[in-house]
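Engineer: These are the residues of each chain, in order.
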Amino acid sequence: MADSAHGTHHAEMSFWRRYVFSTDHKVIGIQYSITALVFLFFGFSLMLLMRWQLAYPDQPLPIIGGLFGELRMPGGVMLPDFYNQLGAMHGTIMVFLGVVPLAVGGFGNFVVPLQIGAPDMAFPRLNMASYWALFLGGVTMFASFFVPGGAAQSGWTSYPPLSDIAPMGQTIWLVGMLFLIVSSLLGAINFITTILQLRAPGLTFMRFPFFVWAQFVTAFLLLLGFPPLQAAGIFQLMDRLAGTSFFLPSGLVVSGQPIAATGGGSPILWQHLFWFLAHPEVYVLILPAMGIVAEVVANNTRKPLWGYKSMVYSLLFLGFMSFIVWAHHMFITGMGTAMSSFFQTTTMIISIPSVIILSCLIISLWGGSIRFNTPMLFALAFLPMFGIGGLTGLPLGLATADIHLHDTYYVIGHFHYVVAPGTILALFAGIYYWYPKATGRKMSEFLGKLHFWPSFIFMNGVFLPMLIQGLHGVQRRLYDGGAAYAHAQPVLHLNKIMSYSAWGLALTQVFFIVNFFWSLRKGEKTSDNPWEATTIEWSAPSPPPHGNFVSMPQAYRGPYEYSVPGHPTDFLPQFSPGAGEKAKTGQAGKTSH
Amino acid sequence: MEIPYTVSERPDTGLNNVKIGIWLFLASEIMLFGALFASYILLRVGATKWPDGSSILSVPMAFTNTMVLISSSVTMVMAWASLMEKKLGRYRLFMGLTIVLGLAFLVIKFFEYRAKFHHGLHPSTSTFMALYFTLTGLHAAHVAGGIGINAYLWGPGLKLWERAPQQFTNRVETAGLFWHFVDLVWIFLFPVLYLL
Ligand code: HEM
Ligand SMILES: [Cu+2]
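Residue numbers (the working numbering), protein chains in the order written: chain A, 1 to 593; chain B, 594 to 789.
Possibly wrong hints are sitting among the right ones.
[Claimed, not checked] Simulated restraints on C-beta separations:
| hint | chain 1 | residue 1 | chain 2 | residue 2 | range |
| --- | --- | --- | --- | --- | --- |
| 1 | A | L241 | B | K642 | 20 to 30 Å |
| 2 | B | L789 | A | G334 | 49 to 59 Å |
| 3 | A | T345 | B | P749 | 47 to 57 Å |
| 4 | B | H712 | A | G75 | 54 to 64 Å |
[Stated by the list, open to error] Here are some of the chain A residues that sit facing chain B, going by a computed Cβ distance under 10 Å:
| hint | residue |
| --- | --- |
| 5 | I189 |
| 6 | A231 |
| 7 | P258 |
| 8 | T262 |
[Stated by the list, open to error] On the chain B side, residues computed to face chain A include the following (Cβ under 7 Å):
| hint | residue |
| --- | --- |
| 9 | A628 |
| 10 | V700 |
| 11 | S717 |
| 12 | T727 |
I should point out that these hints are in silico values taken from the structure, not numbers from a laboratory. On a predicted model such as this, the values are computed, not experimentally measured, just so you know. The beta carbon of each residue, even a glycine, is placed where N, CA and C say it ideally should be.
Start from the sequences and build out the full structure, keeping to the hints where you can.
Structural biologist: Spelled out as structure tokens, the structure:
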């Protein structure tokens with residue numbers, strides 16, 4: 001590998017090639033991250049609107065209520081159809097345009113090649129194509145709000161027959177999903193190939209940072225899970241455009257009118273195809289987060305991860321199992337006891353590897369001299385929050401308990417605990433942690449803590465009451481938040497608590513946004529390895545040039561050699577040659593090889 | 594800066610990047626068609642009555658098409674083998690044949706579709722027809738894509754041969770793997786839709 005002329009070649013490239021149609025994994029990673037953060041914010045805003053309707057059903061939304069027009073909020077009062085659009089699009093956007101693009105497209109792209117000592121991804125142009133497919137998907141989804149009848153309104157799960165007969169927005173949703181699926185497939189192929197082929201010399205599989213493992217397994221989930229949803233999407237498009245009845249049963253009557261369709265289809269078929277992707281997808285949401293937390297925890301406890309190997313094997317087992325639990329979302333479809341028992345059993349089994357990984361991370365804290373910086377606070381918060389999310393999943397996995405809990409706010413509470421205070425806090429940890437690598441500057445610790453504490457508290461304020469409401473039987477997707485139901489009355493006041501918490505959470509994000517931009521210019525300048533970390537990305541200059549490394553890095557040992565007895569510093573990087581030598585940041589990657 | 598192993602093999606995996614890439618892509622394709630076939634089974638099992646495919650669809654046409662595609666897989670292998678022997682003329686001949694056979698498949702398919710429409714058989718006619726049109730339509734789209742790739746490698750893409758013969762040969766091999774896969778899907782589709 002030649003180590004010449006990095007700085008010169010990219011100076012010649014035009015602005016467009018450098019920042020817009022770049023093939024550099026770091027630029028693409030940042031494009032993904034920014035796009036995803038914008039969509040996360042947008043998707044969150046949709047929910048903020050819904051929370052008004054839930055807290056104050058049918059009361060006009062003050063000040064901005066009039067902006068949405070007669071078709072959506074006449075006189076500032078939200079129409080049920082519009083509520084449904086907001087809900088469906090909130091879920092779709094948060095999952096497919098927010099968390100996954102940030103966790104996989106953003107962090108995966110930026111960090112993985114650096115962590116394995118590669119000059120770039122294996123297929124740089126495919127990488128660019130995958131970002132632009134996501135972008136087109138995002139634009140399509142956004143545009144669907146403005147077509148006649150508004151955006152998709154059959155939930156992020158798009159269950160037929162409702163979705164088959166919904167207005168045009170659903171067609172646009174399907175087209176948008178096809179773009180997003182293409183994007184993910186291209187990305188997945190690229191990640192797996194990159195990790196297998198472009199590993200630095202000496203970087204054997206058991207020397208991978210846990211984050212690389214997490215992305216590796218995630219890529220397989222995307223690669224094998226998405227095509228069935230693609231098939232389902234094509235079927236649904238056919239149903240909507242070509243008059244087929246893949247998902248329409250015979251004799252369907254809508255609003256008293258028999259509908260004109262051949263029938264003979266099966267709505268349950270959609271559910272199978274959808275959950276065959278969407279269950280692995282929940283691990284796509286969580287595994288990169290676990291990867292980030294593992295990196296941050298090892299770095300800030302200054303200790304090797306406890307049980308690294310069992311974590312890796314758990315991860316592989318979990319990835320495999322995640323393909324055979326999908327029908328636990330379908331216990332009430334009347335699928336029979338044999339099937340229920342099977343999926344109930346596999347669901348209980350898949351909890352084991354999750355518990356192992358979480359336990360290893362918690363035990364890793366034991367006896368560490370913990371540095372409580374901002375990334376670490378977010379990573380630490382992830383542990384109990386993911387714990388609550390996972391534990392609340394167990395009753396859902398038991399068919400009998402799920403009959404009561406299915407379709408209630410309990411389910412919403414469960415998965416938000418995993419995805420929001422779980423994954424999203426971990427993603428913040430990752431942003432604070434790798435920001436210095438991307439920019440050469442640290443984010444402000446003060447603003448970081450101001451961001452962390454209220455976020456942590458408000459998130460629980462939003463999601464804990466959901467579990468309580470759900471246990472009382474309050475159903476999800478009710479546009480009045482249960483106000484019309486007698487059994488919801490004792491827990492109705494919680495709607496206000498949740499709404500205020502959500503709005504508070506939104507305000508808190510101002511600290512993050514200010515910090516993000518302020519630190520770009522004013523943040524404390526850092527060395528190449530400000531956290532005194534051991535993995536290979538920290539041997540590259542900050543920000544790394546095109547081609548990443550000054551000379552080809554090499555891995556000499558495992559990823560987390562912290563506090564090695566006899567070593568002069570408390571960290572012994574993967575990339576520094578001799579154990580006896582003093583590991584100096586930045587220069588340590590220089591090897592004669 | 595150059596990406597390693599784009600052409601040559603990485604010693605410990607024994608593969609180059611493109612080879613891994615195409616196998617992964619094919620894995621996702623297997624999941625796609627696997628889901629389509631699984632849906633077929635689920636819908637058929639749930640149906641109260643199911644037509645006899647051979648009485649609606651044209652078995653002779655489909656059989657001809659099966660032969661056409663199998664032959665095209667053979668010519669595709671010959672094209673690649675010719676490149677391995679550095680015989681460019683033969684390569685162009687066999688690749689040309691592969692393209693022509695692919696087009697022949699699509700033409701026959703077109704007449705088949707037209708006959709169905711003439712008889713008033715549309716995707717909306719029945720679940721069986723819906724599956725027939727969707728599955729064969731998706732397959733035909735794959736054939737068309739394959740023809741596009743092959744045509745590129747027959748024409749403008751050939752420039753790479755001068756500069757990097759090994760890389761070009763790899764590309765043809767990759768295109769071949771995709772083409773064989775498309776062939777294989779048809780070999781499943783034919784009996785499932787027309788005979789069973
Ligand atoms: C670790 C053990 C887990 C178990 C046993 C579990 C179990 C379940 C079950 C049985 C359901 C279906 C409930 C119903 O619809 O009635 C469910 C829903 C859900 N879970 Fe989990 N889960 C676990 C972890 C996770 C994780 C890690 C995530 C995401 C990161 C997640 C995300 C979701 C989502 C998004 C839904 C709801 C989808 C919907 O209906 O809209 N779960 N979970
Ligand atoms: Cu699930």
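Engineer: Each hint needs a verdict: does it hold in this structure or not?
Structural biologist: Here's how the hints hold up against the structure:
1. About 26 Å separates the C-beta atoms of L241 (chain A) and K642 (chain B), a value consistent with the hinted range of 20 to 30 Å.
2. Here the CB-CB span from L789 (chain B) to G334 (chain A) is close to 28 Å, at odds with the stated 49 to 59 Å.
3. Judged by the Cβ atoms, the range 47 to 57 Å given for T345 (chain A) and P749 (chain B) holds: they are separated by roughly 56 Å.
4. Taking 54 to 64 Å as the suggested C-beta distance range, the pair H712 (chain B) and G75 (chain A) conforms, at roughly 55 Å.
5. Satisfaction of the interface hint for I189 (chain A) is found here, the shortest Cβ-Cβ separation to chain B being roughly 5 Å, below the 10 Å cut-off.
6. Here the hint on A231 (chain A) is kept, as its CB sits about 4 Å from the closest CB of chain B, short of 10 Å.
7. For P258 (chain A), the interface hint is violated, the least distance from its beta-carbon to any beta-carbon of chain B being 16 Å, above 10 Å.
8. Annotation: interface hint on T262 (chain A) holds; nearest CB of chain B at approximately 6 Å, less than 10 Å.
9. Given the 7 Å rule on beta carbons, the hint for A628 (chain B) holds: about 4 Å separates it from the nearest Cβ of chain A.
10. A cut of 7 Å between beta carbons decides the hint on V700 (chain B): the least distance to chain A is about 23 Å, and the hint is violated.
11. With a least beta-carbon distance of about 3 Å to chain A, the hint placing S717 (chain B) at the interface is held under the 7 Å criterion.
12. Hint status for T727 (chain B): holds, given a least beta-carbon distance of 6 Å to chain A, under 7 Å.
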